[in-house]
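Student: Below, each chain spelled out in residue letters.
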Amino acid sequence: MNSLLIGCTGRSRLPARAWLATLTALLALACAPSLAAQELADRWGPNAPASANGGRVDSLFWLITTMISVSFLIVLVMLIVPVLRDRARPGHKAHYDEGSSLHDKRFTAIVSVIVFLVLDASVLVMTMKDLREVVWNIPNVEKGAYQVEVLAQQWAWNFRVTGEDGKFGTPDDIVTINTLTLPMDRPAVFNVTSKDVIHSFFVPDMRVKRDANPGAINQVWFKPVVAGSYDILCAELCGYAHYQMHGTVNVLPAEAFKAWEKEAGALALTAYDSNDPEALWAWEWKE
Amino acid sequence: MSGDHIHAEPTGFLRKHVFSVDHKVIARQFMWFGLVWLLVGGIMAMMIRWQLAHPGSPVPLIGKLLYPRGDGSVPPDGYNTLFTMHGTIMIFLGLTPLLIGAFGNFCIPLMIGARDMIFPLLNMLSFWTVVLGGLVGFYSLFVPLGAAEGGWTAYPTLSSTIGTPGSGETLWAIAVFLIGASSIMGGINYITTIVRLRAPGMTWSKLPLTIWGMFFTAILNVLFLPVIGSAMILMVLDRSFGTSFYVPATLNQSGGGDPILYQHLFWIFGHPEVYILILPAWGIISDLLSFFARKPAFAYKVTVGAMGAVTVLSAVVYGHHMFTTGMTAMLGESFMLLTMIISVPGEILFFNWLHTLWRGNLRFTTPMLFSMGVIFVFGLGGLTGIYLATISTDIYLHDTYFVVGHFHLTMAASSLFGAFAATYFWFPKMFGKMMSEKLGKLHFWATIIPLTIVFCTMFISGYAGMPRRYYNHTDVDYLRSLQHLNVITSVAAFFLGGAQLIFAFNFIKSRWWGSKASVNPWEVGTLEWTIPSPPPHHNYDTIPTVVTGPHEYSHPALKDRDWISQSEQLPT
Amino acid sequence: MSDLALPLPTESRRARVDATFGMVLFIGSWSMAFATLFLTFLVLRHRQPVWPPEGVVLPSLPLAGLATAVLLASSALLHSAVKRLRAGQPGFAGRWALGLGAGLAFAALQSWLWIDVWEAGGRPDTDMYQGLFYMLTWFHALHVVCGLIALGFIQAGALTGRINAGRATPASSVAIFWHFVDAVWLVLFVSFFAL
Numbered sequence: 001m002n003s004l005l006i007g008c009t010g011r012s013r014l015p016a017r018a019w020l021a022t023l024t025a026l027l028a029l030a031c032a033p034s035l036a037a038q039e040l041a042d043r044w045g046p047n048a049p050a051s052a053n054g055g056r057v058d059s060l061f062w063l064i065t066t067m068i069s070v071s072f073l074i075v076l077v078m079l080i081v082p083v084l085r086d087r088a089r090p091g092h093k094a095h096y097d098e099g100s101s102l103h104d105k106r107f108t109a110i111v112s113v114i115v116f117l118v119l120d121a122s123v124l125v126m127t128m129k130d131l132r133e134v135v136w137n138i139p140n141v142e143k144g145a146y147q148v149e150v151l152a153q154q155w156a157w158n159f160r161v162t163g164e165d166g167k168f169g170t171p172d173d174i175v176t177i178n179t180l181t182l183p184m185d186r187p188a189v190f191n192v193t194s195k196d197v198i199h200s201f202f203v204p205d206m207r208v209k210r211d212a213n214p215g216a217i218n219q220v221w222f223k224p225v226v227a228g229s230y231d232i233l234c235a236e237l238c239g240y241a242h243y244q245m246h247g248t249v250n251v252l253p254a255e256a257f258k259a260w261e262k263e264a265g266a267l268a269l270t271a272y273d274s275n276d277p278e279a280l281w282a283w284e285w286k287e
Numbered sequence: 001m002s003g004d005h006i007h008a009e010p011t012g013f014l015r016k017h018v019f020s021v022d023h024k025v026i027a028r029q030f031m032w033f034g035l036v037w038l039l040v041g042g043i044m045a046m047m048i049r050w051q052l053a054h055p056g057s058p059v060p061l062i063g064k065l066l067y068p069r070g071d072g073s074v075p076p077d078g079y080n081t082l083f084t085m086h087g088t089i090m091i092f093l094g095l096t097p098l099l100i101g102a103f104g105n106f107c108i109p110l111m112i113g114a115r116d117m118i119f120p121l122l123n124m125l126s127f128w129t130v131v132l133g134g135l136v137g138f139y140s141l142f143v144p145l146g147a148a149e150g151g152w153t154a155y156p157t158l159s160s161t162i163g164t165p166g167s168g169e170t171l172w173a174i175a176v177f178l179i180g181a182s183s184i185m186g187g188i189n190y191i192t193t194i195v196r197l198r199a200p201g202m203t204w205s206k207l208p209l210t211i212w213g214m215f216f217t218a219i220l221n222v223l224f225l226p227v228i229g230s231a232m233i234l235m236v237l238d239r240s241f242g243t244s245f246y247v248p249a250t251l252n253q254s255g256g257g258d259p260i261l262y263q264h265l266f267w268i269f270g271h272p273e274v275y276i277l278i279l280p281a282w283g284i285i286s287d288l289l290s291f292f293a294r295k296p297a298f299a300y301k302v303t304v305g306a307m308g309a310v311t312v313l314s315a316v317v318y319g320h321h322m323f324t325t326g327m328t329a330m331l332g333e334s335f336m337l338l339t340m341i342i343s344v345p346g347e348i349l350f351f352n353w354l355h356t357l358w359r360g361n362l363r364f365t366t367p368m369l370f371s372m373g374v375i376f377v378f379g380l381g382g383l384t385g386i387y388l389a390t391i392s393t394d395i396y397l398h399d400t401y402f403v404v405g406h407f408h409l410t411m412a413a414s415s416l417f418g419a420f421a422a423t424y425f426w427f428p429k430m431f432g433k434m435m436s437e438k439l440g441k442l443h444f445w446a447t448i449i450p451l452t453i454v455f456c457t458m459f460i461s462g463y464a465g466m467p468r469r470y471y472n473h474t475d476v477d478y479l480r481s482l483q484h485l486n487v488i489t490s491v492a493a494f495f496l497g498g499a500q501l502i503f504a505f506n507f508i509k510s511r512w513w514g515s516k517a518s519v520n521p522w523e524v525g526t527l528e529w530t531i532p533s534p535p536p537h538h539n540y541d542t543i544p545t546v547v548t549g550p551h552e553y554s555h556p557a558l559k560d561r562d563w564i565s566q567s568e569q570l571p572t
Numbered sequence: 001m002s003d004l005a006l007p008l009p010t011e012s013r014r015a016r017v018d019a020t021f022g023m024v025l026f027i028g029s030w031s032m033a034f035a036t037l038f039l040t041f042l043v044l045r046h047r048q049p050v051w052p053p054e055g056v057v058l059p060s061l062p063l064a065g066l067a068t069a070v071l072l073a074s075s076a077l078l079h080s081a082v083k084r085l086r087a088g089q090p091g092f093a094g095r096w097a098l099g100l101g102a103g104l105a106f107a108a109l110q111s112w113l114w115i116d117v118w119e120a121g122g123r124p125d126t127d128m129y130q131g132l133f134y135m136l137t138w139f140h141a142l143h144v145v146c147g148l149i150a151l152g153f154i155q156a157g158a159l160t161g162r163i164n165a166g167r168a169t170p171a172s173s174v175a176i177f178w179h180f181v182d183a184v185w186l187v188l189f190v191s192f193f194a195l
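Heads up: the protein sequence lines correspond to chains A, B and C, in order. At position 79 of the first sequence the residue is numbered 79 (my numbering), and the sequence of numbers has no breaks. At position 253 of the second sequence the residue is numbered 253 (my numbering), and the sequence of numbers has no breaks. At position 38 of the third sequence the residue is numbered 38 (my numbering), and the sequence of numbers has no breaks.
Heads up, a few of these hints could be off.
Stated by the list, open to error - With the Cβ distance kept under 10 Å, some of the chain B side facing chain C (calculated, not the full set):
1) Ile118
2) Leu122
3) Leu237
4) Gly242
5) Ser244
6) His264
7) His555
What the hints assert, rightly or not - Below are the EDC-like pairs computed for lysine to aspartate or glutamate, each with C-alpha atoms no more than 16 Å apart in a straight line:
8) Lys258/A x Asp196/A
9) Lys206/B x Glu98/A
10) Lys93/A x Glu523/B
11) Lys93/A x Glu333/B
12) Lys93/A x Asp560/B
13) Lys143/A x Asp185/A
14) Lys129/A x Asp185/A
15) Lys167/A x Glu142/A
16) Lys129/A x Glu333/B
17) Lys262/A x Glu164/A
18) Lys301/B x Asp58/A
19) Lys301/B x Glu98/A
20) Lys301/B x Asp104/A
To be verified - Short derived list, chain B residues pointing at chain C, Cβ under 7 Å:
21) Pro58
22) Ile62
23) Lys64
24) Leu66
25) Ile188
26) Thr192
27) Val222
28) Leu223
29) Pro226
30) Ser230
31) Phe241
32) Thr243
33) Thr250
34) Leu251
35) Gly256
It should be emphasised that the hints constitute simulated quantities derived from the structure, not laboratory data. The model shown is predicted, which means the values in this text are computed figures rather than measured ones. Glycine residues also receive a C-beta, built at the ideal position from the N, C-alpha and C atoms.
Required output: the full structure, derived from the provided sequences and hints.
Tutor: Now the structure itself:
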């Protein structure tokens, strides 16, 4: 074991086999914390993603976890080996090494390049893919997007959907507070803004979050693929009852959703009151 | 000015101990000031953790005293005040005075071989300005309508009169402005002193790394504290004079302002602030690891370069705090890339520290333990930063406990460990007494174990989706299952808080009843260890001439000992 | 700054460089504060569809122009005063006094500018234009006041002889600060009247 660990210095000329063995051992060891983390996540972690692309966030998360576990393990080993091996004792002398030789410089450069290529570049590439395909790639109505206007306020979520006419600001708009109903397997696109302070529209099970800024409209989307109820939380401090500002997303299969839409639309028409200024919020959809 | 002249030591009590211009006295003042505020901020942290473990139940011992109107439990607005002031106090009044104020002031003149700071009066003014800032901040806790409740980031429009009508938030902004002004004065003094007052022979490549860390920090202070100062001025105008720089047109008829503008200004300052706190700690432990490994600091110049690179990069990555605000794709991706690049100098620093230890002759003194603790803690915190630099994962993790765990490990725990290492190391020089090593080691282990548990469990609850700044997360169904985890975090936090009593006891006992320190108890070579402990008023009878680097340990030419002072010539 | 309180009989070249270094560093640092405010100005200005917005009270251009000229003159006077002091030529105190007088005149013109706008109904909370105008001029005026106090101290020093050819750095440092105040005003003037 000791000879393997000395191999980490990159100083002693060990055969390639020893290097390989060291690397394998490290990888095996790295799997331990990663596995432990998986185990913890199963117990304490979030629910399985309920959106089409939520899994990408999770896999990116575990990619990073694995890589930083390896990195941290290397750090730990390089910390523990001197602690065990090099403690001060009579007759023992430190090895005088300023680390300014060409060999050291080359070693530093190589490690830096490896860190950048392995750690950063791989994460960057995967993230860019996710960003281009999902996060920035917001579907429009032609692509079947279901549009929702979200008006956050202290301390509630107001939701508005168009009803059957597909237009916002008309009497058949379905307006709800803290409860949102979405069709399954159809991308839901949100226009998010706020009435007063900054809030943040956070649906943990869909792995999305977007700030609701007063005076500006932000866009966010996800595609629910599992029917069920999910929590909506506010993730930006918004005052006294910040912690109570939560709501529910109900994801319904296509038929059930149609039935709901019909019923709610009819209800909206009867409940419509053109004299109620509070209920007349709406804005032109912002792509 | 004060470099070449020996000023007589003042004799009056006020000029000697209160309004002193002596950098060593000011350093001790900063130290006591910072420690007292760390205690206040620490008690607030304990109350926050109590509330999270037992939502809505009375705080033991002090609850009735602080919240006499209710049953002694923390109310929701009181909770918001707690975490707002905890953050503000720890950053601006605890760590900054302790790490930069105390050790910057103490170490810079002594380590570069000067008699004092270059502008002693400005130095005194810097201390009294931060005291004034602290008083304003403290007073804000008692005004009607409550203290600041907008978080330490104080985003408008929550921090505008719309969200917080009371004068507490205004006073908070004034306090931050004053503290910023103090840091700017300090920064100007540090830079000018380091550039102008180095002893003969103290070239840039012979400068101890502690001084390099302070130098980079001072640069960031001087450049970016004015930005937060201006942001605070705009906030005060908005709150007190009815302007609307941060208030959008939808909320105010004179509007047209932009709340996101504040976020930009805040983080242009706020991200460098993280490095303002960590760079001195990096510098200090780079030195201490070498001192106690009895080996030269590995690749000194590369370490300096890496710290410089971090200093430069820190100014251009702030956007990663704002990925969820709806920034454009181009901007977001640029900030992500730049943030990722920081991992390269960060990794180089780690390798240099670890290489410094490798094949050394390690003396496990308390400062050494805390320095190695920084490697461990900053390793955990720095690596978890990758999740938050990556937009996809950051969107999910933003404003959850994951972020809380991350920044506590990096800017809080690492700088605090650096400050502890520095305290144990320079205490003999500062006060002329030794601190108890036994209690010091106990303090280290009693700190690092619960600390790791506290912040690692936060990673788990954050990944589970627990948002930060929630008064009572059990209000949300799916967060209720995290209650056990929160209890674990809180219990560990109480142990962590309790462990600091060991430090307080050790500090006070050693200060007055400790054994006398010799000139050079650690057997190290930097200049301050060539003069008595504590140093005389004018530091050096004759300004030393520097001929040797700061880290020439175990040099083969040294026969009977393994260290050499910077003012001694290496034998040939 | 500190040299006001720690008088030394004569100053070395080293001390002069030290003080100037510190002053320039301070100005470099504090420009960031002004840069932030001007950035705010630019960002918020571009939010407005037209600039200056319709119907706002505009500060008087001739008055502001006159103030600019006066401030520039005071900077020039201080500059020549310091040059004379360093060269050991007479006329420092007189020129400095003229510079101080011009500074005071600027302060008066600035107050006039405010009264003008105020009486026409321009308040910090009426619209964004006034908000930005008051914000920048107030913050600048704060520096004018500090500068005038410092100029006054140097004037007193010149009259009592504490400021002399052998000890000119306090005067040159204060002059540097005043040039900075001058430069900020120029940016402010251009921002409001030329852009």
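Student: Each of the hints needs a verdict: does it hold here or not?
Tutor: Do the hints match the structure? See the list:
no.	hint	result
1	Ile118	holds, 6 Å
2	Leu122	holds, 5 Å
3	Leu237	holds, 6 Å
4	Gly242	holds, 3 Å
5	Ser244	holds, 6 Å
6	His264	holds, 8 Å
7	His555	violated, 34 Å
8	Lys258/A x Asp196/A	violated, 34 Å
9	Lys206/B x Glu98/A	holds, 13 Å
10	Lys93/A x Glu523/B	holds, 15 Å
11	Lys93/A x Glu333/B	violated, 50 Å
12	Lys93/A x Asp560/B	holds, 12 Å
13	Lys143/A x Asp185/A	holds, 12 Å
14	Lys129/A x Asp185/A	violated, 22 Å
15	Lys167/A x Glu142/A	holds, 14 Å
16	Lys129/A x Glu333/B	holds, 12 Å
17	Lys262/A x Glu164/A	holds, 8 Å
18	Lys301/B x Asp58/A	violated, 40 Å
19	Lys301/B x Glu98/A	holds, 10 Å
20	Lys301/B x Asp104/A	holds, 12 Å
21	Pro58	violated, 44 Å
22	Ile62	violated, 40 Å
23	Lys64	violated, 43 Å
24	Leu66	violated, 37 Å
25	Ile188	holds, 5 Å
26	Thr192	holds, 5 Å
27	Val222	holds, 4 Å
28	Leu223	holds, 6 Å
29	Pro226	holds, 4 Å
30	Ser230	holds, 4 Å
31	Phe241	holds, 5 Å
32	Thr243	holds, 4 Å
33	Thr250	violated, 13 Å
34	Leu251	violated, 13 Å
35	Gly256	holds, 4 Å
The structure fails hints 7, 8, 11, 14, 18, 21, 22, 23, 24, 33, 34 (numbered hints given earlier, in ascending order).
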